[in-house]
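Protein chains: 2
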Amino acid sequence: QGLIYKENGDPRGKLEGHVWDIDTKNLKEGEIFVKIGHASVNPADFNVIQGVYPAKPEKQKLPGIEEEVWIGGNEGFGVVEKLSENGDLNGLKRGDWVIFSKPQIGTWRSGLICNANDVIKIPNRKESQITPYMASTLQVNPATAYRMLHDFHQLDPKKDVIVQNAANSAVGQAVAQIASRKLKVASINFIRSNAYSEELQKAFDSYSKGDESCKAYLFSYEHLADRNSGLKERIKTILGDRQIKLGLNAVCGQANADMAKLMSTNSTLITYGAMSRQPLTVPAGLIIFQNMAIRGFMMNKWYAQNGLKEREELLKTLV
Amino acid sequence: QGLIYKENGDPRGKLEGHVWDIDTKNLKEGEIFVKIGHASVNPADFNVIQGVYPAKPEKQKLPGIEEEVWIGGNEGFGVVEKLSENGDLNGLKRGDWVIFSKPQIGTWRSGLICNANDVIKIPNRKESQITPYMASTLQVNPATAYRMLHDFHQLDPKKDVIVQNAANSAVGQAVAQIASRKLKVASINFIRSNAYSEELQKAFDSYSKGDESCKAYLFSYEHLADRNSGLKERIKTILGDRQIKLGLNAVCGQANADMAKLMSTNSTLITYGAMSRQPLTVPAGLIIFQNMAIRGFMMNKWYAQNGLKEREELLKTLV
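Chains A and B, in that order, are what the protein sequence lines are. Quick note on numbering: our numbering labels position 317 of the first sequence as 317, and the sequence is numbered without any gaps. Quick note on numbering: our numbering labels position 80 of the second sequence as 1080, and the sequence is numbered without any gaps.
None of these hints come from the bench; they were simulated from the model. Don't take each hint at face value.
[As the list claims (entries may be wrong)] Taking lysine to any residue and the SDA-like style, the derived pairs with C-alpha atoms no more than 20 Å apart in a straight line are:
| id | chain 1 | residue 1 | chain 2 | residue 2 |
| --- | --- | --- | --- | --- |
| 1 | A | 56 | B | 1265 |
| 2 | B | 1301 | B | 1086 |
| 3 | B | 1261 | A | 274 |
| 4 | A | 261 | B | 1277 |
| 5 | B | 1056 | A | 289 |
| 6 | A | 261 | B | 1052 |
| 7 | A | 301 | B | 1291 |
| 8 | B | 1301 | A | 264 |
| 9 | A | 301 | B | 1196 |
| 10 | B | 1301 | A | 289 |
| 11 | B | 1261 | A | 295 |
| 12 | B | 1261 | A | 54 |
| 13 | A | 316 | A | 103 |
| 14 | A | 301 | B | 1056 |
| 15 | A | 261 | B | 1278 |
| 16 | A | 301 | B | 1052 |
| 17 | A | 56 | B | 1285 |
| 18 | A | 301 | B | 1293 |
| 19 | A | 261 | B | 1053 |
| 20 | B | 1301 | A | 268 |
| 21 | B | 1261 | A | 253 |
| 22 | B | 1261 | A | 52 |
| 23 | A | 301 | B | 1283 |
| 24 | A | 102 | B | 1289 |
| 25 | B | 1102 | A | 268 |
| 26 | A | 261 | B | 1293 |
| 27 | B | 1301 | A | 266 |
| 28 | A | 261 | B | 1054 |
| 29 | B | 1261 | A | 102 |
| 30 | B | 1056 | A | 103 |
| 31 | B | 1059 | B | 1102 |
| 32 | A | 301 | B | 1053 |
| 33 | A | 56 | B | 1289 |
| 34 | B | 1301 | A | 291 |
| 35 | A | 56 | B | 1278 |
| 36 | A | 261 | B | 1200 |
| 37 | B | 1056 | A | 56 |
| 38 | B | 1301 | A | 265 |
| 39 | B | 1261 | A | 278 |
| 40 | A | 301 | B | 1285 |
Bound conformation, chain A alone (with noise of 0.2 Å):
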């Protein structure tokens, strides 16, 4: 069974829930039988069933219905249940945990054929700490946060902090965990106001495990807009002699050019998101007299522009 939709659209009126049988006796070389455990949810793939999102999945013919359908979902976990006799199956067997190296498989359903290639194996539960939960969420949101840490600037704990906004999202908290914990680096974390609560808080704290060094800060961007909140002279504190050169943006807006605004000579602004449905907004003093470079990050891209042993590479270090 799984969730289908016939034509792009709002997804509350276009996704259904529908049920076929899956003829496992007759693979075909080089193909498997996945059970899904777990499928996530990614904001992407709401536009990706709206149809607005440059990733466009394969329309697949199911039993029990006549025309061509979609099935949603991109990303999530599942055990390899049976595998074709003969051809190059990856050195994958019975039992394997597996994700989908296709993007827009097709997730959100409970088991599918697809080709060994189609997917990357990774540790189980005995040979690592990853849980399916963790697994089925970690291609996308993680491998995001890690990615935009390490391809735009070689950060240094002693001279670095990095700044980010859409900082309670999954993506934000990602970035927050791997710069504490793995680089070592401070964070300097906005969210809208009512966005706080004090499991986030708490969250963000556990990060640095008491290491003031490397400490997730969290800020709104409404206290950094009122210019009388002094919270710009906090973070001149809190920065030291170490600089803003790293910046990621998932909001776009007014809230994105206050904190660009926090941001050191040659400086890199990275945008995935634009959460305000605003237009990238930066002041131009920052683009000419200080040098800020305006790049953008699209884990999907990164996933078709490297191969297989990348992007293996890549979840190995994430798991």
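Chain A is already provided as a structure; the job is to place chain B on it using the hints.
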């Protein structure tokens, strides 16, 4: 004599004429006396007087004024009138044509004593087609145009078309000229509709010398913003198989956002001005999905980062 100011502020209130004597009899080692023929006025000069520009000139003590003052002007053309007897004079001799390598040297005066290192010798009228007037405006605007066309994307006449706004500015005209005449690359140039004139149209038409493949097209922001004007289709026809990988922006705001939408995937948008006094505004999708890179350019920074040799080379190329 020259134009001086004692404090920052509105140039109309702060700039004043002053007449003083220069003692050219006792030049120190390495010093030269340059008589200034032409000094140019750039928009940035006013920002310097206002005190809002990053480049700050040094105050000087002048005969006849108690306090130290600034002298206006960044760029100019001069002739070497007198040289100190000893010291390294960079091969300069009396009568040589020079422009100034030291930024904000204060060119709005009839003559000055400076170090031989503060000038760059240029070919004189006998050696090239350059006039004193052209020489006096060489260093900022044509140099900016040249570097922006060369430092970010390798232009290919068969594959590339460039776009720019503020095309009637000195930089804009130089961009269209260098693109058509030297690089043989077509350009799509935007101006305010009230900046349109027949002379400007004739000038832009003349750049390509009748060669359609490297024509400099002239359109208005208003024309581009109007969905029913048919301009987007017109531009598609102009492009054919070519793409816009390089855009030059001196305006920011909405006019720039509209222009950016014409650009292709993996393109670079360079911002070197903000004539609309708006922040840079770019639809986020261009950055995230189309991997547009946004960079800034400032000629002063380039001069500061490059040695005398690179600077001389650039100016010789421009001459």
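Consistency of the hints with the structure:
no.: 1; hint: A:56 / B:1265; in the structure: 17 Å, holds
no.: 2; hint: B:1301 / B:1086; in the structure: 32 Å, violated
no.: 3; hint: B:1261 / A:274; in the structure: 16 Å, holds
no.: 4; hint: A:261 / B:1277; in the structure: 17 Å, holds
no.: 5; hint: B:1056 / A:289; in the structure: 13 Å, holds
no.: 6; hint: A:261 / B:1052; in the structure: 16 Å, holds
no.: 7; hint: A:301 / B:1291; in the structure: 9 Å, holds
no.: 8; hint: B:1301 / A:264; in the structure: 16 Å, holds
no.: 9; hint: A:301 / B:1196; in the structure: 42 Å, violated
no.: 10; hint: B:1301 / A:289; in the structure: 8 Å, holds
no.: 11; hint: B:1261 / A:295; in the structure: 16 Å, holds
no.: 12; hint: B:1261 / A:54; in the structure: 16 Å, holds
no.: 13; hint: A:316 / A:103; in the structure: 18 Å, holds
no.: 14; hint: A:301 / B:1056; in the structure: 44 Å, violated
no.: 15; hint: A:261 / B:1278; in the structure: 15 Å, holds
no.: 16; hint: A:301 / B:1052; in the structure: 41 Å, violated
no.: 17; hint: A:56 / B:1285; in the structure: 16 Å, holds
no.: 18; hint: A:301 / B:1293; in the structure: 15 Å, holds
no.: 19; hint: A:261 / B:1053; in the structure: 17 Å, holds
no.: 20; hint: B:1301 / A:268; in the structure: 18 Å, holds
no.: 21; hint: B:1261 / A:253; in the structure: 18 Å, holds
no.: 22; hint: B:1261 / A:52; in the structure: 16 Å, holds
no.: 23; hint: A:301 / B:1283; in the structure: 19 Å, holds
no.: 24; hint: A:102 / B:1289; in the structure: 18 Å, holds
no.: 25; hint: B:1102 / A:268; in the structure: 30 Å, violated
no.: 26; hint: A:261 / B:1293; in the structure: 19 Å, holds
no.: 27; hint: B:1301 / A:266; in the structure: 12 Å, holds
no.: 28; hint: A:261 / B:1054; in the structure: 16 Å, holds
no.: 29; hint: B:1261 / A:102; in the structure: 30 Å, violated
no.: 30; hint: B:1056 / A:103; in the structure: 53 Å, violated
no.: 31; hint: B:1059 / B:1102; in the structure: 14 Å, holds
no.: 32; hint: A:301 / B:1053; in the structure: 39 Å, violated
no.: 33; hint: A:56 / B:1289; in the structure: 13 Å, holds
no.: 34; hint: B:1301 / A:291; in the structure: 9 Å, holds
no.: 35; hint: A:56 / B:1278; in the structure: 36 Å, violated
no.: 36; hint: A:261 / B:1200; in the structure: 38 Å, violated
no.: 37; hint: B:1056 / A:56; in the structure: 53 Å, violated
no.: 38; hint: B:1301 / A:265; in the structure: 12 Å, holds
no.: 39; hint: B:1261 / A:278; in the structure: 15 Å, holds
no.: 40; hint: A:301 / B:1285; in the structure: 13 Å, holds
When held up to the earlier numbered hints, the structure conflicts with 2, 9, 14, 16, 25, 29, 30, 32, 35, 36, 37 and fits the remainder.
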